[in-house]
Amino acid sequence: MTENYDIFRECLSNAIVARSETPKVKRKKGKRNEPTAPAPAPAPERVDPEELAEFVDFLASEAFTTFPEALQTLTYAALQHDPSLSIYVAPDNDTPLPRQTLETICSPIPVSVSDSLTVYGIIPDAADLLDFLSPVLTEYTSSVTTGPPVWASTRADACEICERDWIPLSYHHLIPRGVHAKVLKRGWHDEWTLNSVAWLCRACHSFVHRMASNEELAREWYTVEKICERDDVMDWAKWVGRVRWKAK
Numbered sequence: 033m034t035e036n037y038d039i040f041r042e043c044l045s046n047a048i049v050a051r052s053e054t055p056k057v058k059r060k061k062g063k064r065n066e067p068t069a070p071a072p073a074p075a076p077e078r079v080d081p082e083e084l085a086e087f088v089d090f091l092a093s094e095a096f097t098t099f100p101e102a103l104q105t106l107t108y109a110a111l112q113h114d115p116s117l118s119i120y121v122a123p124d125n126d127t128p129l130p131r132q133t134l135e136t137i138c139s140p141i142p143v144s145v146s147d148s149l150t151v152y153g154i155i156p157d158a159a160d161l162l163d164f165l166s167p168v169l170t171e172y173t174s175s176v177t178t179g180p181p182v183w184a185s186t187r188a189d190a191c192e193i194c195e196r197d198w199i200p201l202s203y204h205h206l207i208p209r210g211v212h213a214k215v216l217k218r219g220w221h222d223e224w225t226l227n228s229v230a231w232l233c234r235a236c237h238s239f240v241h242r243m244a245s246n247e248e249l250a251r252e253w254y255t256v257e258k259i260c261e262r263d264d265v266m267d268w269a270k271w272v273g274r275v276r277w278k279a280k
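Quick note, the sequence shown lines up with residues 33 to 280 if you use the numbering used here.
Calculated from the structure, these hints are not laboratory results. You may find that some hints are simply not true.
[Claimed, not checked] Quick list of in silico lysine-lysine cross-link-like pairs, DSS-like style, CA-CA up to 25 Å:
1. Lys258 - Lys270
2. Lys214 - Lys258
3. Lys270 - Lys217
[To be verified] Cβ pair distances, simulated, as ranges:
4. Glu257 - Ala50: 29 to 35 Å
5. Tyr152 - Glu252: 23 to 29 Å
6. Arg274 - Asp189: 39 to 45 Å
7. Pro200 - Glu135: 35 to 41 Å
8. Arg131 - Asn46: 19 to 25 Å
9. Asn46 - Arg274: 26 to 32 Å
Model, not experiment: these values are computed from the prediction. Note that the Cβ used here is the ideal one computed from N, Cα and C, for glycine as well.
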């Protein structure tokens, strides 16, 4: 399955766990003509984690594979390229998707999903499936369409190449600013990715600019993961990571 499936499964799991841990309130029997008072709520009985994982995985796979492909592959980038995909995205987490949209998404889901949720007491009736999945879908679409963070908020505690955490860091534009115009003209990256950065120590920052030209960095080495996959970078990181300053 895909990363989007993993996110949907996690959202579904949260909803199932929340409902399965809601204890049923029993009322104490009182004397005649006396109002009955609710008994103290019992501690929720937690199901076996492995059984819960299998249950959630089954439901998630049964439901997710019936979703429209555009919903299965929805991302921030996809939304920027095709604004019509916004029909799947609620304006905020407190606002559900329109009922008609929910019905379109959920109508192909096999009855095995609603039946299983009913049997295990997650929903009272199969007809409640839409109300149950509504916040799940809102959370899912919100998660997969969240835009990139402002670069300043991504600041790391250690150099993202050598992992030294006791030296000053500076930010490296993963797509160098000097080639932004060419990047957009050639269509190498979307505009919203241009200001992505990595937090590096001065030594690693200099090494990155020695290993490739600005154009090569923008075209081929535009993520920390890609940079760190290079053999020369791995060798460099092992070496420079052992360089420590003596205390004075």
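Do the hints match the structure? See the list:
no.	hint	verdict
1	Lys258 - Lys270	17 Å, holds
2	Lys214 - Lys258	21 Å, holds
3	Lys270 - Lys217	37 Å, violated
4	Glu257 - Ala50: 29 to 35 Å	34 Å, holds
5	Tyr152 - Glu252: 23 to 29 Å	50 Å, violated
6	Arg274 - Asp189: 39 to 45 Å	19 Å, violated
7	Pro200 - Glu135: 35 to 41 Å	56 Å, violated
8	Arg131 - Asn46: 19 to 25 Å	23 Å, holds
9	Asn46 - Arg274: 26 to 32 Å	43 Å, violated
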